[in-house]
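Asker: Going down the list, the protein sequences come from chains B and P.
For the first sequence, this note's numbering gives the first residue as 1, with consecutive numbering after it.
For the second sequence, this note's numbering gives the first residue as 238, with consecutive numbering after it.
A portion of the hints provided could be inaccurate.
Unchecked claim - In silico EDC-like pairs for lysine to aspartate or glutamate, Cα to Cα no more than 20 angstroms straight-line: (1) B:Lys-6 - P:Asp-292; (2) P:Lys-264 - B:Asp-179; (3) B:Lys-194 - P:Glu-265; (4) P:Lys-264 - B:Asp-63; (5) B:Lys-161 - B:Glu-230; (6) P:Lys-301 - B:Asp-190; (7) B:Lys-153 - P:Asp-292; (8) B:Lys-196 - P:Glu-269; (9) P:Lys-301 - B:Asp-204; (10) B:Lys-59 - B:Asp-155; (11) B:Lys-215 - B:Asp-155.
No wet-lab data here; the hints were simulated from the structure.
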Amino acid sequence: MIEGQKNRQIHIGQYGPGSYARANTVSGGNVIPFVTLRNSGGVIGYYSVMYVRSDSPYKSLDDLKGKTLGLVDVESTSGFKAPTFFLADQGYPVEKTFKLAQTTGSHENAIFALAGGTVDAAVNWWNAEDDSNLTRMLTKGVLKKADGSPMTKSDFRMIWKSPMLPGSPFALLADMPEDLKAAILRVFLDPPKKNKAAFDALTDGKVENFARVSKEDYIESVKMNLWLDEQRKRKGT
Amino acid sequence: MTTRRALFVLMAGLALAATPAAAQSWKEKYPELVMALVPSENVTGVLARVGPFADYLTSELGVKVTASPTTIPR
C-alpha cells in the first residue's frame, strides 16, 4: 500500500500513524494526511495496549521478563512501532525483556495467539473500553475457550497502555488537482448522517465523524519511525 | 486540529474550482480512484467495512472509487 501510493496507484489511503510516516517519507512528501476518525466521546487518537490472559499469573511488565510476546507486523503502529518505541523508553526494551517477540501478521492473529496460548502476551489497538480489536472479535464471536464456550472480556487482562497515538490518518496524493482534493475532502467532512450506513459500516458505529488533520499532527509519528529505522540499522537487519 | 479558517479557505477554493470545465478536467485525468485501508482486522472484514464507503464516494464524486485490501495492519 505504501508502494501503491508512492507509485500513484492508490489515491486515498488510510494508514496507522507509523505506516503513514513511512509512506510520507518514501513518496518524497507526496502522501499527505487530510482527515482522521473522531471516536465516540469526541476523542481523536487511539492506543497500543498489551494483554495477557486473565488465568495467567502475569500482572505487570516485570512479570513478563523472559516470556513470549505476540506482535502484529513491523509496519503496524499499535502492534509494533509504538510498543517497541514506548517500552524501550520506559525501560522494557522488547528484545531484552522478552525471550521471544514474534510478529503474527495481523491484529486478530495476535489475539488468537494469546487466546490459544501460543504467546504469553500480545499487543493490539484500543480506541476505548467499548471499542478495540478485542471487543470487535468478541462481538463477532470468534474467540472460544478450549471447551468451545465463547470467551468474554474478563478472559483478558490489559497490563500496559501506550501514551495516546494520533488518529489513523486518511491520506491523499498531494500532486492531484486541487479541485479533486477539495472534492474528496468535502465528501469526507460531510455530516455522517448523509451516508450513515456507509459510515457505520466503516467504523462499527463507534465513531462520530471525520476530523481535519494535517502533516503537523504527525510530527511525533515521523520521529518514532526514524528512531525505529535507526534501531534497525544498528542491529544490521 | 481543525481550524475554521483552514476549512474556510479550502471551501472557498472548492467554490472557485467548481466550474464545469475544471470538474471535467480532473474526471478525465482520474476516471477511477483507488482507496486502500490498513486492516485493523483480517481481509474479509476489511472489504465489508470499506465497500459501502467506497460506493458512497463513487456517488458523491462522480468517478468510480474502488476499495483495495492491503496487508499492513494499522
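Asker: Which constraints among the numbered hints does this structure fail? Numbers only, ascending.
Answerer: Of the numbered hints, 1, 3, 4, 5, 7, 8, 9 and 11 do not hold.
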